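Peer 1: Single-letter residue listing:
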Amino acid sequence: MDVGELVASFFRVLPQALVSGLALGSVYALIAQGYYVTFTTTETLNFAQGEFLMVGALTSFSLLVLAGLPYLVAVVAVILLMVLMGIAVERVAIRPLRQLLSVGWILSTVGVSVILRQFAEIYWGREQKRVPSIFGDTPLYIANTGIFPQELFIILASLLTMAALLFFLKRSTFGKALQAVAFNPAAAGLMGINVRQMVVVAYVISSILAGIAGVLIAPVIFAHAEMGALLGLKAFAAAIIGGIENPVGILVVGIGLGIAEFIVASYNASFRDAVTFLLLILILAWRPQGLFQRVTAEKV
Amino acid sequence: MSAGTSSAAAAPSRTDLSQDAVLSIRDLVVSYGQVEALHGISLDVRRGEVVALIGSNGAGKSTTLRAVSGMIRPASGRVLFEGRDIAGMPSHEVVRLGLVHVPEGRQVFANQSVRDNLVLGAFPHLRSKAETAAVFEREFDRFPVLRERQNQLAGTLSGGEQQMLAISRGLMARPKVLLLDEPSMGLAPLLVKQVADTVKQLNAEGVTILLVEQMATMALSVAHRAYVIQNGTVRIEGPSAEVARNAEVVRAYLGGAAQHELGSAAETR
Numbered sequence: 000m001d002v003g004e005l006v007a008s009f010f011r012v013l014p015q016a017l018v019s020g021l022a023l024g025s026v027y028a029l030i031a032q033g034y035y036v037t038f039t040t041t042e043t044l045n046f047a048q049g050e051f052l053m054v055g056a057l058t059s060f061s062l063l064v065l066a067g068l069p070y071l072v073a074v075v076a077v078i079l080l081m082v083l084m085g086i087a088v089e090r091v092a093i094r095p096l097r098q099l100l101s102v103g104w105i106l107s108t109v110g111v112s113v114i115l116r117q118f119a120e121i122y123w124g125r126e127q128k129r130v131p132s133i134f135g136d137t138p139l140y141i142a143n144t145g146i147f148p149q150e151l152f153i154i155l156a157s158l159l160t161m162a163a164l165l166f167f168l169k170r171s172t173f174g175k176a177l178q179a180v181a182f183n184p185a186a187a188g189l190m191g192i193n194v195r196q197m198v199v200v201a202y203v204i205s206s207i208l209a210g211i212a213g214v215l216i217a218p219v220i221f222a223h224a225e226m227g228a229l230l231g232l233k234a235f236a237a238a239i240i241g242g243i244e245n246p247v248g249i250l251v252v253g254i255g256l257g258i259a260e261f262i263v264a265s266y267n268a269s270f271r272d273a274v275t276f277l278l279l280i281l282i283l284a285w286r287p288q289g290l291f292q293r294v295t296a297e298k299v
Numbered sequence: 000m001s002a003g004t005s006s007a008a009a010a011p012s013r014t015d016l017s018q019d020a021v022l023s024i025r026d027l028v029v030s031y032g033q034v035e036a037l038h039g040i041s042l043d044v045r046r047g048e049v050v051a052l053i054g055s056n057g058a059g060k061s062t063t064l065r066a067v068s069g070m071i072r073p074a075s076g077r078v079l080f081e082g083r084d085i086a087g088m089p090s091h092e093v094v095r096l097g098l099v100h101v102p103e104g105r106q107v108f109a110n111q112s113v114r115d116n117l118v119l120g121a122f123p124h125l126r127s128k129a130e131t132a133a134v135f136e137r138e139f140d141r142f143p144v145l146r147e148r149q150n151q152l153a154g155t156l157s158g159g160e161q162q163m164l165a166i167s168r169g170l171m172a173r174p175k176v177l178l179l180d181e182p183s184m185g186l187a188p189l190l191v192k193q194v195a196d197t198v199k200q201l202n203a204e205g206v207t208i209l210l211v212e213q214m215a216t217m218a219l220s221v222a223h224r225a226y227v228i229q230n231g232t233v234r235i236e237g238p239s240a241e242v243a244r245n246a247e248v249v250r251a252y253l254g255g256a257a258q259h260e261l262g263s264a265a266e267t268r
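Quick mapping for you: the protein sequence lines, in order, are chains A and B. Residue numbers are given in numbering that gives the first Met the number 0: position 9 of the first sequence equals residue 8, and the series is strictly consecutive. Residue numbers are given in numbering that gives the first Met the number 0: position 56 of the second sequence equals residue 55, and the series is strictly consecutive.
No lab work stands behind these hints, which were simulated from the structure alone. Just so you know, these numbers come straight off a predicted model, no measurement behind them. Hints may be right or wrong, so weigh each one.
Pulled a few chain B residues facing chain A out of the computed Cβ check, cut under 8 Å [stated by the list, open to error]: (1) Arg46; (2) Ser55; (3) Asn56; (4) Gly57; (5) Leu79; (6) Gly82; (7) Ile85; (8) Met88; (9) Ser90; (10) Val94; (11) His100; (12) Gln106; (13) Asp115.
Pairwise CB distance ranges (calculated) [as the list claims (entries may be wrong)]: (14) A:Ile114 with B:Arg46: 36 to 46 Å; (15) A:Phe173 with B:Glu92: 17 to 27 Å; (16) A:Arg97 with B:Gly205: 49 to 59 Å; (17) B:His124 with A:Ala163: 20 to 30 Å; (18) A:Tyr266 with B:Gly104: 41 to 51 Å; (19) B:His124 with A:Phe134: 24 to 34 Å; (20) B:Lys175 with A:Phe173: 43 to 53 Å.
Backbone N, C-alpha and C define an ideal beta-carbon position, used for all residues, glycine too.
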């Protein structure tokens, strides 16, 4: 293959990679915003976030396919389940380990991820479950590029969810309180803010994001017990590269990763996962604080 | 207890004090790990008073305030606020009672705007829009520089401006009693005077104040009464003018030069 041919083939695969990458990437971004929310408030995060997504996806399978419930009911049920799981993971895996100046929460949340995976294998079995899209499986063709309606829905729903999240965090008094807890928990307490409650809220938000991501992505990649591990890890890569305290950076990098992955996959599908982490290592060697993290000095 | 060395004649007796005290601290003991930082502090603040808590660095002044406002849990002792024992109550509940702590080192939320810092100060009392606007106006009139800089990040303010913001933020929570921890720390002399004026003005508005200061001259010039703590216990207590004349206080905290200026300032109070 000479250079001209390579360039030509690149532009041939680009539109498809852009569309599918945008859909997958916005899911990465959605999961990674969960890391952002808990990390800024508590400097901890849930390494079982990918498994929360998996539970969300498989629950949507049970509710939509097995129980035949309406889509909206299933979404609300998954969100409620995530609220409970968020409260539980904070109480069991984070709170007992935060006081000790330890990184024990890493191990405990990874432990939660293993438990959830095994539980899912027992409860739902090992095989992949097909969750049909409510928009059907007929791709739309626009200029030789096939788009599944579900992919469009993923992009739209994730972007809307993230916009709502950021609006909530930056504009509402509650969001400001969450930021205050992140910046200085002791001073936040003096403002009448219940810090412990805010930490729980951060974990609940993080879990809901993972659950929504699971419901969105299930129709395009099959739901199964192992689906969360790599998604959670790639979303973590997006959070690190984008700068874990920068939600916009996370969004940009998440989408970028999704697109890069599909471009690579159209040449060699077995290399697509490696590319994320190759990029991660190269970028961190160049900018250890992440691509978009500002290094700021604050007046004290 | 070694209290009362200078106050035998002038100050009201202990029972009188605790009867009309809005805030009474009794035998407060605080430990950091194995180290006991407060060895049984007792003091009273009456409604409408400015009470100064002075002493050298590490004497336990800030620790006392932190234990009162729930930032740290006392090992033993009582903190009576309006007759109710609040010792060990978490800080977010204490502030709702109207006992507001403006902490040492301002502790403004540097990454949020001046306005949002004030919004957070009002967190315990979510008000109607009109009411909120009125409170903002009151604080902006008190410190016009905050009005000018309301959209700036709090971290970009100067030290003096941050102190004004910290006080205003505390006032947003409708304090009955304000605990002010080292408001003059790190400020230029002119600003120290402004802080002193603010304390007097707040008191005139009806806010009861417990003021912790290392700058004893300033504290004694604005306070009605003062407690001197040393090594976690109250050493001396009494009306500010008397404490200011106490030989031990003059030697340890005021220094020769400040003494004359202070003597007259305290008399006027």
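Peer 1: Would you mind marking each hint as holding or not holding in the structure?
Peer 2: We went through each hint and held it up to the structure:
{"no.": "1", "hint": "Arg46", "result": "22 Å, violated"}
{"no.": "2", "hint": "Ser55", "result": "23 Å, violated"}
{"no.": "3", "hint": "Asn56", "result": "18 Å, violated"}
{"no.": "4", "hint": "Gly57", "result": "19 Å, violated"}
{"no.": "5", "hint": "Leu79", "result": "20 Å, violated"}
{"no.": "6", "hint": "Gly82", "result": "21 Å, violated"}
{"no.": "7", "hint": "Ile85", "result": "14 Å, violated"}
{"no.": "8", "hint": "Met88", "result": "11 Å, violated"}
{"no.": "9", "hint": "Ser90", "result": "4 Å, holds"}
{"no.": "10", "hint": "Val94", "result": "4 Å, holds"}
{"no.": "11", "hint": "His100", "result": "5 Å, holds"}
{"no.": "12", "hint": "Gln106", "result": "4 Å, holds"}
{"no.": "13", "hint": "Asp115", "result": "5 Å, holds"}
{"no.": "14", "hint": "A:Ile114 with B:Arg46: 36 to 46 Å", "result": "57 Å, violated"}
{"no.": "15", "hint": "A:Phe173 with B:Glu92: 17 to 27 Å", "result": "18 Å, holds"}
{"no.": "16", "hint": "A:Arg97 with B:Gly205: 49 to 59 Å", "result": "41 Å, violated"}
{"no.": "17", "hint": "B:His124 with A:Ala163: 20 to 30 Å", "result": "27 Å, holds"}
{"no.": "18", "hint": "A:Tyr266 with B:Gly104: 41 to 51 Å", "result": "57 Å, violated"}
{"no.": "19", "hint": "B:His124 with A:Phe134: 24 to 34 Å", "result": "47 Å, violated"}
{"no.": "20", "hint": "B:Lys175 with A:Phe173: 43 to 53 Å", "result": "26 Å, violated"}
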